[in-house]
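Let's have the full structure, built from the sequences with the hints guiding it.
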Amino acid sequence: MNFRKIIIINPPNPTGFVSNKDSMGGFGQLYPLGAPPFPPMDMVYLASFLTEKNLSIDVLECNGLGLTRKHLKEKTDRISNSAGEEQNLVLIRTSAPTLDWDLSICQEIKKNAQGIKIGIFGPIVAQVPWRVKKENSIDYIIKGEPDETVYDLITAKSEEEILGLTYRYGRGWIENSDRALTKDIDSLPLPKWEMFPYKKYRLPKSSTTSDVSFLPMLTSRGCPFGCSYCTYPLGQGVPWRFRSPQNVVDEIEYLVDKLGIQYIIFRDPIFSLNQKRVIEICEQIKRRNLTFKWKCETRIDCLNEETLRAMARAGCEGINIGIESSEVEVQANVGRKPIPKEDVIKIVRFCRQLKIKTFCFFIIGLPGDTAQTILETIAFAIDLRPNWVQFTAAAPLIGTKLRE
Numbered sequence: 003m004n005f006r007k008i009i010i011i012n013p014p015n016p017t018g019f020v021s022n023k024d025s026m027g028g029f030g031q032l033y034p035l036g037a038p039p040f041p042p043m044d045m046v047y048l049a050s051f052l053t054e055k056n057l058s059i060d061v062l063e064c065n066g067l068g069l070t071r072k073h074l075k076e077k078t079d080r081i082s083n084s085a086g087e088e089q090n091l092v093l094i095r096t097s098a099p100t101l102d103w104d105l106s107i108c109q110e111i112k113k114n115a116q117g118i119k120i121g122i123f124g125p126i127v128a129q130v131p132w133r134v135k136k137e138n139s140i141d142y143i144i145k146g147e148p149d150e151t152v153y154d155l156i157t158a159k160s161e162e163e164i165l166g167l168t169y170r171y172g173r174g175w176i177e178n179s180d181r182a183l184t185k186d187i188d189s190l191p192l193p194k195w196e197m198f199p200y201k202k203y204r205l206p207k208s209s210t211t212s213d214v215s216f217l218p219m220l221t222s223r224g225c226p227f228g229c230s231y232c233t234y235p236l237g238q239g240v241p242w243r244f245r246s247p248q249n250v251v252d253e254i255e256y257l258v259d260k261l262g263i264q265y266i267i268f269r270d271p272i273f274s275l276n277q278k279r280v281i282e283i284c285e286q287i288k289r290r291n292l293t294f295k296w297k298c299e300t301r302i303d304c305l306n307e308e309t310l311r312a313m314a315r316a317g318c319e320g321i322n323i324g325i326e327s328s329e330v331e332v333q334a335n336v337g338r339k340p341i342p343k344e345d346v347i348k349i350v351r352f353c354r355q356l357k358i359k360t361f362c363f364f365i366i367g368l369p370g371d372t373a374q375t376i377l378e379t380i381a382f383a384i385d386l387r388p389n390w391v392q393f394t395a396a397a398p399l400i401g402t403k404l405r406e
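Going letter by letter, the sequence shown gives residues 3 to 406 in the working numbering.
Please note that the accuracy of each hint is not assured.
What the hints assert, rightly or not - Computed list of lysine-lysine pairs in PhoX-like fashion (alpha-carbon distance at most 20 Å, straight line): (1) K260 - K202; (2) K135 - K159; (3) K72 - K136; (4) K343 - K295; (5) K339 - K288; (6) K72 - K112; (7) K55 - K194; (8) K135 - K113; (9) K77 - K7; (10) K202 - K295; (11) K260 - K288; (12) K288 - K348; (13) K295 - K339; (14) K136 - K7; (15) K357 - K288; (16) K55 - K135; (17) K7 - K55; (18) K7 - K112; (19) K77 - K55; (20) K112 - K135; (21) K135 - K119; (22) K359 - K343; (23) K359 - K348; (24) K260 - K295; (25) K278 - K343; (26) K403 - K339; (27) K288 - K278; (28) K75 - K113; (29) K55 - K202; (30) K112 - K136.
To be verified - Distance windows between CB atoms, simulated: (31) E177 - E110: 25 to 31 Å; (32) K55 - P226: 26 to 32 Å; (33) N306 - A397: 38 to 44 Å; (34) A381 - G174: 24 to 30 Å; (35) N56 - I366: 48 to 54 Å.
Everything labelled a hint here was simulated from the structure, so no lab data went into it.
Idealized CB from N, CA, C, for every residue including glycine.
Spelled out as structure tokens, the structure:
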């Protein structure tokens with residue numbers, strides 16, 4: 003295709019909310035007004051990938067910039083051009099809770115800016131393509147990891163050749179074959195945060211540390227565990243793909259020394275799946291004298307005392323741990339490897355000794371849950387005494403096995 007201008011947009015927040023499109027495996031969540039903005043990692047990687055390929059693109063991260071729909075309209079009106087051989091390409095990052103809102107924004111953009119094509123991406127679009135296809139403002143649906151698909155769309159001659167692309171054809175749609183996941187994620191360029199309002203991102207209030215600059219990082223993608231309620235495999239796939247310790251710490255050094263970032267949130271579904279790799283990352287952090295605080299997400303059965311000691315020495319101050327239920331029968335019902343209560347208690351207590359804060363997550367109403375098992379899970383959470391605890395109701399999210 004021949005595009006004159008390419009712009010990637012994270013649309014403004016829905017009225018009354020702040021959207022975090024990176025949470026829940028990229029499906030996204032809405033938070034009350036006042037919550038800090040959080041950039042979608044796939045959008046950051048897409049912009050960096052295209053720039054590394056020497057393509058000229060613009061980025062509009064409306065949440066980080068605090069832009070409203072009115073501001074966005076003013077900016078997109080400027081990219082209007084007369085229809086012809088050259089057109090403009092607008093790429094919209096959407097999420098499950100913002101999909102209708104984002105699609106209405108696409109309608110406004112298409113109405114006010116002539117001679118443009120609009121593509122939409124984010125894990126939710128592969129789950130509800132029928133919803134997106136109803137909108138006459140959308141020209142492209144980009145499924146899976148968007149980097150290569152968007153690059154091919156910009157540089158390829160014909161749409162039918164592009165894997166991972168669904169495109170409008172006349173009054174209908176043509177859906178191409180899926181694109182394979184990127185196997186070697188070390189080959190991807192480091193995120194180019196200078197393209198984003200990175201100084202606007204401040205540490206979320208859920209941590210006890212406050213008023214420091216933070217950025218997210220991905221050191222791996224994918225989750226092989228297959229819990230029936232989880233959306234991570236829908237956004238990142240099942241195969242676990244990891245970056246080398248050298249590559250990971252190169253990015254940390256860039257964030258800390260070049261950008262002055264004080265806190266990093268590792269967004270891997272399971273940061274410590276390979277504990278030997280995590281220990282090497284921590285040792286390299288110490289060898290390079292990188293001083294920062296950080297937080298990650300993982301499982302109890304992917305932690306041991308040696309790994310936790312290394313993490314604490316390297317600046318880890320918090321771990322998000324999905325426990326879901328204290329009852330092994332309920333865990334087994336949702337495809338989780340049953341973890342005895344004693345193992346959970348041991349790890350959480352050891353974290354406390356190391357002054358690593360624990361953020362424990364539980365789900366109420368999973369298959370097999372009863373009033374009694376729910377009360378036992380609540381009692382267990384109280385006895386466990388993590389630094390922070392969250393209970394949510396089981397939700398059969400679209401695309402998950404629990405939904406089926």
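Going through the hints against the structure:
1. K260 - K202: At roughly 16 Å apart (the allowed maximum being 20 Å), K202 and K260 satisfy the hint.
2. K135 - K159: violated (23 Å)
3. K72 - K136: violated (24 Å)
4. K343 - K295: Violated: K343 and K295 sit about 29 Å apart, past 20 Å.
5. K339 - K288: It is violated: about 33 Å lies between the C-alpha atoms, which goes past 20 Å.
6. K72 - K112: Holds. K72 to K112 sits at ~15 Å (cutoff 20 Å).
7. K55 - K194: holds (13 Å)
8. K135 - K113: holds (17 Å)
9. K77 - K7: holds (13 Å)
10. K202 - K295: The given pair, whose Cα atoms are some 18 Å apart, holds under the 20 Å limit.
11. K260 - K288: holds (17 Å)
12. K288 - K348: violated (26 Å)
13. K295 - K339: violated (30 Å)
14. K136 - K7: At roughly 26 Å apart (the allowed maximum being 20 Å), K7 and K136 break the hint.
15. K357 - K288: With a Cα-Cα distance of about 18 Å, the restraint between K357 and K288 holds, given a limit of 20 Å.
16. K55 - K135: violated (30 Å)
17. K7 - K55: Roughly 15 Å separates the two Cα atoms, so the pair holds.
18. K7 - K112: holds (15 Å)
19. K77 - K55: violated (25 Å)
20. K112 - K135: holds (15 Å)
21. K135 - K119: At roughly 14 Å apart (the allowed maximum being 20 Å), K119 and K135 satisfy the hint.
22. K359 - K343: holds (19 Å)
23. K359 - K348: holds (14 Å)
24. K260 - K295: holds (16 Å)
25. K278 - K343: The given pair, whose Cα atoms are some 25 Å apart, is violated under the 20 Å limit.
26. K403 - K339: holds (16 Å)
27. K288 - K278: Holds: K288 and K278 sit about 16 Å apart, inside 20 Å.
28. K75 - K113: holds (10 Å)
29. K55 - K202: violated (27 Å)
30. K112 - K136: holds (15 Å)
31. E177 - E110: 25 to 31 Å: holds (26 Å)
32. K55 - P226: 26 to 32 Å: holds (30 Å)
33. N306 - A397: 38 to 44 Å: violated (32 Å)
34. A381 - G174: 24 to 30 Å: violated (56 Å)
35. N56 - I366: 48 to 54 Å: holds (51 Å)
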